[in-house]
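Q: Okay, here's what each chain looks like letter by letter:
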Amino acid sequence: MSNNLFQEDTVSVTDRLAAEALIVDVDGYEGPLDVLLTLSRRQKVDLRKISVLDLARQYLVFVEKAKELRLELAADYLVMAAWLAFLKSRLLLPPDPTEEGPSGEELAAHLAFQLERLQAMRDVAARLMACDRLGRDFFARGQGEDVARIKTVRYTATLLDLMQGYARIRTRDDFRPYTMDRKSVFTMEQALERMRGLIGYGASWTNMAAYLPEGWDNDPVRRRSATASTFAASLELVKEGRLEMRQSEIFAPIELRKVDGTR
Amino acid sequence: MMQYPEKTEQSLFEAPPMAEQERMCEAVLFASADPVSVRDLEARLPHGSDIAQALTLLQKRYEGRGVRVIRVGDTWAMRTAPDLGFLMQKETVETRKLSRAAIETLAIVAYHQPATRAEIEEIRGVSVSRGTIDQLLGLEWIRLGRRKMTPGRPVTFVVTPVFLDHFGLETARDLPGLKELRAAGLLENRPPPGEALDEEADDSQPELFEED
Amino acid sequence: MMQYPEKTEQSLFEAPPMAEQERMCEAVLFASADPVSVRDLEARLPHGSDIAQALTLLQKRYEGRGVRVIRVGDTWAMRTAPDLGFLMQKETVETRKLSRAAIETLAIVAYHQPATRAEIEEIRGVSVSRGTIDQLLGLEWIRLGRRKMTPGRPVTFVVTPVFLDHFGLETARDLPGLKELRAAGLLENRPPPGEALDEEADDSQPELFEED
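Chains as they are written, first to last, in our numbering: chain C, 1 to 263; chain Y, 1001 to 1212; chain L, 2001 to 2212.
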């Protein structure tokens, strides 16, 4: 069965114009359910008696046309289209007894229920907004009583204030410019100062790891920082001619020794 | 006018006559632009006053007048009669127009309360945008209710006394069309067939939608 | 209540009945922020109304009530009866918004209770003034909790039932978490790196501060 043919043959000119208007207007719709509700109204029957199959077809045509016009449809419109295509096949094909899950009729009934419920909520929303309203149809006392005798200040805050206040504090860090965590950084200046003080005692070859400051060799982050700065400081001292470095092979420990005669 | 025995025992001075209690309630309600709670009236009026009876008499006295005495939840207020709104054009405050999304969200909270965000989205078929809930909370028409006793304990929204006052409703049960919606089964939380088993499990709590 | 559906149309031909004119004056006087002049009433009420007579009747009707209709120069107003002024003393309470510092401090106590002063300062990133804590204590929104079992045994703050009552909460646990604030649209939805850690810590609050 060909969808397009079916549509071309049965849809009247006015309906087709309406369908096009629907597409041009796609921004005005509040999601796929809203489009479905609009489409279903054109069936001009009680929402409980709509043909979900027709509705699925019309919606798929709607999505197709939007594609033709290269309109960007939000993902949820496409998700609905995929679901309706699935529903359509379920409704058209004879039920497969081996298949799990709800039947096409159950799914269609639920969709009809959703549409009816959305329509109902719209109706009561309109009735609600048409109620007599304070400040429009009926009015509170216009003038505050002027009998100021006891003046006490009462502080108030709303739950919204409270939540927004909390959100403000807790998200402040999210937007803070990036700063180094100083606690875990051993700077080269620090390392150099430390090495200058220690190197005088390093007469024999000693593993560089022994020069790492106390408390910096347990935590990997701190150890890495201290190792890097101690290594850089050592290179600096080699350049100054106060220190010798050696490494027997790749990845072997780096060893340090003071240069004879520098003392 | 009956008085509770423990109250008569307590009060050194007799409560004033009912007519006097009535005009005291009248003065307090009149002076306050916001609704006044029964508790507040009790605190202000002389000990032993029968607030409930005074309010009933007062309400009756104002029947058919240009000003009415109305109940809003647990509070009471004086308001002009709605049929005279046309006289008050000058007093009308231009309220910011609510978006369609905000109006529908408000209606869903009012008719389905307590309603979670997921329920609002399920009914409208779209996600609720940032500003919408914010706006309704800001108007103090909705507030947070109890958490749902379902996995994740999602927060819920309910309507407030300010909402009731604004729409001239005594209680949320007086919402227009509520009975019809209930009778038509449109306030039930019907999970989509099949889906309730897997992902949407936490959105389906039909037992919480009991009638009150 | 009686309805007067045709009143505007009637006015083209003849003024509404005096009882109706009277309740119209009543509604206008009630709702107006300032005393209303006779000329203003004439402009608002249907053509041909006898304002002077309506006001006289209205004034008579309110004689001895809790509210009076009084003449102020050539304007008219409604006022509470002078002998009931004592009931209105509470009307003079001035409401002020809580300062930002106080709201943030209160929020931290609510979300992290029991919270020490050092913890509050750590989270806010600034020191908390004595006045802020005193104010919250004075409002009875926070009170002293148990001392922390940490060095120095610092005092802690917790929120009170008065707080829960004011904010319409059952328990402090009903406050929405960061994730929910974001879901409800109350937060900018900009997930920063490492945010997941933050949010988890949010639910297990006491542990958050155990660093020494």
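Calculated directly from the structure, the hints in this document are not laboratory data.
Fair warning: there could be bad hints in the mix.
Counterexamples of contact, computed for chain C against chain Y with all Cβ distances above 12 Å [said to hold, decoys possible]:
1. R41
2. S51
3. Q114
4. Q119
5. G135
6. Q247
7. K258
8. D260
Calculated lysine to aspartate or glutamate pairs in the DMTMM-like style (CA-CA distance at most 20 Å, straight line) [to be verified]:
9. Y:K1179 to C:E68
10. L:K2097 to Y:D1034
11. Y:K1097 to C:E240
12. C:K49 to C:D123
13. L:K2097 to L:D2083
14. Y:K1060 to Y:E1170
15. Y:K1097 to C:E30
16. Y:K1148 to L:E2170
17. C:K44 to C:E116
18. Y:K1060 to Y:D1074
19. L:K2097 to Y:E1063
20. Y:K1060 to Y:E1121
21. Y:K1060 to L:E2020
22. L:K2097 to C:E214
23. Y:K1060 to L:E2063
24. L:K2179 to C:D161
25. C:K49 to C:E64
26. L:K2179 to Y:E1063
27. C:K239 to C:E189
28. Y:K1148 to L:D2174
29. L:K2148 to L:D2165
30. Y:K1060 to Y:D1083
31. L:K2097 to L:D2174
32. C:K183 to C:E214
33. Y:K1097 to Y:E1140
34. L:K2179 to Y:E1014
35. C:K44 to C:D123
36. L:K2060 to Y:E1063
37. C:K183 to C:E193
38. Y:K1148 to Y:E1170
39. Y:K1148 to Y:E1180
40. C:K183 to L:E2122
The beta-carbon is built from N, C-alpha and C at its ideal position, and this holds for glycine as well.
Q: Can you name, in rising order, the numbers of the hints this structure does not satisfy?
A: 3, 4, 5, 9, 11, 13, 19, 20, 22, 25, 26, 29, 31, 34, 38, 39
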